[in-house]
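Novice: The primary structure of each chain is shown beneath.
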Amino acid sequence: MPGWLIDFLWVVVKVTLVIAFVGVNFIFMVWLERKLSAKMQARIGPNRVGPHGSLQLIADALKLFSKEDIKPAMADPKVWALAPVVMFAPALLVFYVLPVGPNAVIGTDLNVGLLYLAAVSSFTLVGIFMAGWGSNSKYSLLGAMRAGAALMAYEIPLVLSILTVAMLAGTLSVQGIVQAQVDRGYYFVFPGIVAFIIYFICVMAELGRGPFDLVEAEHELVMGYQTEYSGMRWGIMLMAEYTNQFTAAAIAAMLFLGGWDGPFLPGWLWLVIKAYALVMVMMWVRWTLPRVRIDQLLDLSWKFLLPVSLLNLVVVAIFLV
Amino acid sequence: MTDEERKDQAAAAAKAAAAAKARAAAGEGGGAAAGGEGGGDGGDAGPVMPERYQQFLDALGKEFEGVDFAPAYNAADGFLYINVPRDRLREIALYLRDRAGLNYLRALSGVDWMDRLQVVYHLTRVEPDTRPELLVAMQVDVDRDQAVCPSLVDVWPTADFNEREVFDLFGIRFEGHPNLRRILLPDNWQGGYPLRKDFVDKRPKRQRKIRPR
Amino acid sequence: MADQIERSIGAGVQVIEDAETMEEALRRAHLEEQAGERRRMLVNFGPQHPSTHGVLRVLLTLEGETVIDAQPDIGYLHRNWEKIVEGWTYAMVVPFSDRNDYLAAICNEQAVVGAVERLMGIEVPERGQFLRVLVFELQRLTSHLIWFGTFAMDMGATTAFLHAFRERERCYSLFEEITGARLLYNYLRIGGLRNDVPDSWLKKLEQFLDDFEKEAYPSYWDLVINNEIFRVRTKGIGVITPEQAIAYGASGPVLRGSGIRWDLRKVDPFLPYDQFEFDIPVGTNGDAYDRAIVRMKEMMESVKIIRQVMKRLPDGPVMAKLPRALRPPKGQVYNRVESPRGEVGVYLISDGGTGPYRIKWRSPCFTHLMLLPVMARGHLVADLVTCIGSIDIVLGEVDR
Amino acid sequence: MGVLNDVARAAKSIVKGHMVTLREIFKPPMTIRYPDEKPEQPKGSRGMPVLKVNAETGELNCTACGLCARSCPPGCIEVIEETDANGKRMRRPLAYNLDMGKCMVCNLCIEACPFDALEMAANFEISVYDPENLVFNKDQLATIWKNYDAVRIAGGEKL
Numbered sequence: 001m002p003g004w005l006i007d008f009l010w011v012v013v014k015v016t017l018v019i020a021f022v023g024v025n026f027i028f029m030v031w032l033e034r035k036l037s038a039k040m041q042a043r044i045g046p047n048r049v050g051p052h053g054s055l056q057l058i059a060d061a062l063k064l065f066s067k068e069d070i071k072p073a074m075a076d077p078k079v080w081a082l083a084p085v086v087m088f089a090p091a092l093l094v095f096y097v098l099p100v101g102p103n104a105v106i107g108t109d110l111n112v113g114l115l116y117l118a119a120v121s122s123f124t125l126v127g128i129f130m131a132g133w134g135s136n137s138k139y140s141l142l143g144a145m146r147a148g149a150a151l152m153a154y155e156i157p158l159v160l161s162i163l164t165v166a167m168l169a170g171t172l173s174v175q176g177i178v179q180a181q182v183d184r185g186y187y188f189v190f191p192g193i194v195a196f197i198i199y200f201i202c203v204m205a206e207l208g209r210g211p212f213d214l215v216e217a218e219h220e221l222v223m224g225y226q227t228e229y230s231g232m233r234w235g236i237m238l239m240a241e242y243t244n245q246f247t248a249a250a251i252a253a254m255l256f257l258g259g260w261d262g263p264f265l266p267g268w269l270w271l272v273i274k275a276y277a278l279v280m281v282m283m284w285v286r287w288t289l290p291r292v293r294i295d296q297l298l299d300l301s302w303k304f305l306l307p308v309s310l311l312n313l314v315v316v317a318i319f320l321v
Numbered sequence: 001m002t003d004e005e006r007k008d009q010a011a012a013a014a015k016a017a018a019a020a021k022a023r024a025a026a027g028e029g030g031g032a033a034a035g036g037e038g039g040g041d042g043g044d045a046g047p048v049m050p051e052r053y054q055q056f057l058d059a060l061g062k063e064f065e066g067v068d069f070a071p072a073y074n075a076a077d078g079f080l081y082i083n084v085p086r087d088r089l090r091e092i093a094l095y096l097r098d099r100a101g102l103n104y105l106r107a108l109s110g111v112d113w114m115d116r117l118q119v120v121y122h123l124t125r126v127e128p129d130t131r132p133e134l135l136v137a138m139q140v141d142v143d144r145d146q147a148v149c150p151s152l153v154d155v156w157p158t159a160d161f162n163e164r165e166v167f168d169l170f171g172i173r174f175e176g177h178p179n180l181r182r183i184l185l186p187d188n189w190q191g192g193y194p195l196r197k198d199f200v201d202k203r204p205k206r207q208r209k210i211r212p213r
Numbered sequence: 001m002a003d004q005i006e007r008s009i010g011a012g013v014q015v016i017e018d019a020e021t022m023e024e025a026l027r028r029a030h031l032e033e034q035a036g037e038r039r040r041m042l043v044n045f046g047p048q049h050p051s052t053h054g055v056l057r058v059l060l061t062l063e064g065e066t067v068i069d070a071q072p073d074i075g076y077l078h079r080n081w082e083k084i085v086e087g088w089t090y091a092m093v094v095p096f097s098d099r100n101d102y103l104a105a106i107c108n109e110q111a112v113v114g115a116v117e118r119l120m121g122i123e124v125p126e127r128g129q130f131l132r133v134l135v136f137e138l139q140r141l142t143s144h145l146i147w148f149g150t151f152a153m154d155m156g157a158t159t160a161f162l163h164a165f166r167e168r169e170r171c172y173s174l175f176e177e178i179t180g181a182r183l184l185y186n187y188l189r190i191g192g193l194r195n196d197v198p199d200s201w202l203k204k205l206e207q208f209l210d211d212f213e214k215e216a217y218p219s220y221w222d223l224v225i226n227n228e229i230f231r232v233r234t235k236g237i238g239v240i241t242p243e244q245a246i247a248y249g250a251s252g253p254v255l256r257g258s259g260i261r262w263d264l265r266k267v268d269p270f271l272p273y274d275q276f277e278f279d280i281p282v283g284t285n286g287d288a289y290d291r292a293i294v295r296m297k298e299m300m301e302s303v304k305i306i307r308q309v310m311k312r313l314p315d316g317p318v319m320a321k322l323p324r325a326l327r328p329p330k331g332q333v334y335n336r337v338e339s340p341r342g343e344v345g346v347y348l349i350s351d352g353g354t355g356p357y358r359i360k361w362r363s364p365c366f367t368h369l370m371l372l373p374v375m376a377r378g379h380l381v382a383d384l385v386t387c388i389g390s391i392d393i394v395l396g397e398v399d400r
Numbered sequence: 001m002g003v004l005n006d007v008a009r010a011a012k013s014i015v016k017g018h019m020v021t022l023r024e025i026f027k028p029p030m031t032i033r034y035p036d037e038k039p040e041q042p043k044g045s046r047g048m049p050v051l052k053v054n055a056e057t058g059e060l061n062c063t064a065c066g067l068c069a070r071s072c073p074p075g076c077i078e079v080i081e082e083t084d085a086n087g088k089r090m091r092r093p094l095a096y097n098l099d100m101g102k103c104m105v106c107n108l109c110i111e112a113c114p115f116d117a118l119e120m121a122a123n124f125e126i127s128v129y130d131p132e133n134l135v136f137n138k139d140q141l142a143t144i145w146k147n148y149d150a151v152r153i154a155g156g157e158k159l
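Residue numbers (our numbering), protein chains in the order written: chain U, 1 to 321; chain A, 1 to 213; chain F, 1 to 400; chain R, 1 to 159.
Extracted from the complex, chain U is given alone in its bound form (with noise of 0.2 Å):
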């Protein structure tokens, strides 16, 4: 077999595990949300279908998958209709550059890791500002401005949040983090805990999660940029949403956690435990908190986020290093 072949194939089986790996934990991740909320509010959550409700997100699927796909009339078809990929591509694309294993990556190392890993996660904003726009309706518009404003607030501290880590570690190559922090023998979250704290914050409110959740704060504008979407469109974006919320989970676990670093078991299964967790508690602040209104939730981030991150910057540059 001719070399390329083997490259080409040795891609498919990587990109197939990929999005097999994206589906199952959307559904499982779906089911932990409804479960977990359960709990914390004296509720016993889904438990008719299939035991403990395991089978609920199936059936959650398949409906959405039998739901009739409806155009608003006076949307723009094109934008409209391509706004759900544009949102999904980047969950997919920061899949390339996670180490699962002591030299195992599953794209290539890139020595600029985190760089393409801000510029990625930043991308869904265009994909919501299509979906606002397109849907040519008063409340997606009001929705996708909120959105694009937040995103744009908290972008800067997120990325000088990660500048810290990269200060610390040195390289900007994501495995070349990791493996600083076995070496070192302790992870980044603890000198560097203002910026995993600021990471957190950054990164909740860029998926609109936790008590920022302004994009379809549904008291006031319905579904925000989602209204004009049904069936399967609208999953792809809930399925957008929820692999979001698992990569920024397993960024953070991996930046300030030692992502495959463990004892017993394998790489990969320890990073896959420390992003839940990290899942577990974003949905745990979600489930606590009231919502902020939009304009505080920009003050919070021009006013102090971004302050405390420089501070945080220099402090660490000053001691640390």
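Please keep in mind that the hints were generated in silico from the structure rather than gathered at the bench.
Each residue gets a CB set at the ideal place from its N, CA and C atoms; glycine is no exception.
There may be inaccurate statements among the hints.
[Claimed, not checked] A short list of chain U residues far from chain R (calculated; beta carbon distances all over 10 Å):
id, residue
1, L17
2, L32
3, A42
4, V49
5, A73
6, D76
7, G107
8, D183
9, W268
10, V285
11, D299
[Unchecked claim] DSSO-like cross-link-like pairs, simulated, lysine-lysine; straight-line CA separation at most 27 Å:
id, chain 1, residue 1, chain 2, residue 2
12, U, K39, R, K27
13, F, K311, F, K203
14, R, K16, F, K297
On the provided structure of chain U, position chains A, F and R as indicated by the hints.
Specialist: Just chains A, F and R now, with coordinates in the frame of chain U:
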């Protein structure tokens, strides 16, 4: 407002309420003013009227001589019901609010006495921590066909929606009301004024299907 | 002034053609302003909106996100309670009055029953009055729980909503034991109560109050009220000055939120409240936060009152001896009651018959809606939801 | 310095809020699985009024006097008295239709009945596909009375 003051003030309230009840049980109860057909003729002051009301009535009488208020103290709820002529309503209302201190319009209700319509304003003085010692209710008679009454929105802003409701359900038009429009009934309601006694519901009756068994 | 064309169609039915309906008036205002400054968005908020506590429609004039004007448009739940009741006897009016403020049924019943008792001078036996105070305060506690749940959910804290409803479920099973129903009881009768309360029930109530005071109540404060985001979302929102509160006829927690200590249970007791020790929480600067604090503290006051009533509950009958068909004397009465939402008034005119000649229902929520445009002007859309939540309106009572 | 203790207070309040939800996770759920587990109802819980059947004679206590129909606010009871061949009143209901679509379960009919013929059953599952089936006739009411221990509460008695 220490606790003792509140306690004895509350005790006074209990005595007054109990007394009012006892007196109402003894007397034939009910203010004579709302005598039904005649209405407004009740001259007698009903059961005994606390002196605070007497001073208020004297001051009111001095201020507006030509008006026959036909005051009637209603022991059942402690209100003093007075009849107010429609054309001097605004003056008297301003007097009551500014000089007599009745700054709180509690309820504004429309009544249909078959021969005439009537608008009743229940007024009180809201003063933190003090028992309202003066409860006055103004009754304004309005002609049934030419149902027009001066609006008191600028005197008590709470009259805004209430007057719109009385207009909607009774058909009494309030002059000077900023935006007198329907408030409760649907915009395209053509069926007349529901709360009038001669209201006949013109809508077709929907017969409930009951299967004979 | 709307120019009116009076046309009479058919026998005696007078039709006043209104030149302007709600839509045209606001359309005209909208066009005028639009020609003037920046374009304004006329947004329809409700009536099928999740956070308007029923079928309230608010016509919002928005400039970007800030609210220029918020005109409530009501009447979607109007059934003309006052007309239906005119044809019935007094005993029938009581269960139907539960349907007005369906979250505080006991308070409606007491308003109607109290009016007839004042008119006829009926003296309810001691135990009946004490039990009425107990049930009244338990109803206030339940109503404030529902307000707390929905207010927190408007802000996004859905968990707090379910925690509040966990406590509310326990209250409702308590009510179900003595009255048979969970929400609309028809428990009060003219002259007393439908049935007495067994001692086993009092022990269950005692158990519930202890659990509520030790576990649930502090957790509400931690989860929502002391929460920084809740504080920031409600501080300074929907401010009502004391003068505005009095001028617009506010009552209950809305009036007390603006700093005026005026509670009918103290200043004009309609039940033997003067024999119990409790104080009236008052806010300072009349914003959504203060109204929330007033309601939260009132919950604890109600628990205090219920405990005192249980300790001093006398024996004896709960129902006065009355003829079956009551015929109150000719006359009128204005009975007022301090319901969890404010002063509920019943202006009853009787012509000596077995049913009311005219009943006017003074509804606190209807009056508080007038404050909505005053409160919401200048805030963001998200704050409009907070303003509506902070005046705690129930559409059954607004539309009657 | 104001900012610092603001941040501290904010952080503390957020953490305390989270403790509440954390504790809640380990508490048992409040909801029940309705169709499988039925809610336990106390005695005298009001579901719908039903006609009482006299134990020995198996007859209805109702004498078709119509007092309950008159005292029902929405007017959902329809009583037709049975008359035998030559028109003598039999003091027995020929038909007794109770329209549960209109009934607001207010217990007034039970209080108005002088012959102790009506009681309140705790049957709250009255959902039907066709609104016509909401009208229960006297046989249906009697059968429901049999399988629910209905109860008559009125006039201030001790429960």
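Novice: Now, for every hint given, state plainly whether the structure supports it.
Specialist: Going through the hints against the structure:
With a closest Cβ-Cβ approach of about 33 Å to chain R, L17/U is found to remain outside the 10 Å limit, as its non-interface label requires. Under the 10 Å C-beta cut-off, the non-interface status given to L32/U relative to chain R holds; the minimum distance is some 13 Å. With 10 Å as the threshold on Cβ separation, the claim that A42/U sits away from chain R is violated: the shortest Cβ distance comes to roughly 4 Å. Look at V49/U: its CB is around 13 Å from the nearest CB on chain R, clear of 10 Å, so calling it non-interface holds up.
Against the 10 Å criterion, A73/U stays outside the reach of chain R, whose nearest CB is about 36 Å from its own CB. Residue placement check: D76/U keeps its beta carbon more than 10 Å from all beta carbons of chain R (closest about 41 Å). Remark: the non-interface label on G107/U is consistent with the geometry, its nearest Cβ contact in chain R lying 36 Å away (cut-off 10 Å). Consistency note on D183/U: stated as away from chain R, and its beta-carbon is indeed over 10 Å from all of that chain's, at 33 Å minimum.
Remark: the non-interface label on W268/U is consistent with the geometry, its nearest Cβ contact in chain R lying 28 Å away (cut-off 10 Å). For V285/U, the condition that its CB be more than 10 Å from all CB atoms of chain R is violated, with the nearest at approximately 7 Å. With a least beta-carbon separation of about 13 Å from chain R, D299/U lies farther than 10 Å from that chain, consistent with its non-interface assignment. A hinted pair counts as satisfied when its Cα atoms are at most 27 Å apart, and K39/U with K27/R qualifies at roughly 8 Å.
The suggested pairing of K311/F with K203/F holds, with an alpha-carbon distance near 11 Å, which does not exceed 27 Å. This hinted pair checks out: K16/R and K297/F have alpha carbons roughly 20 Å apart, not beyond 27 Å.
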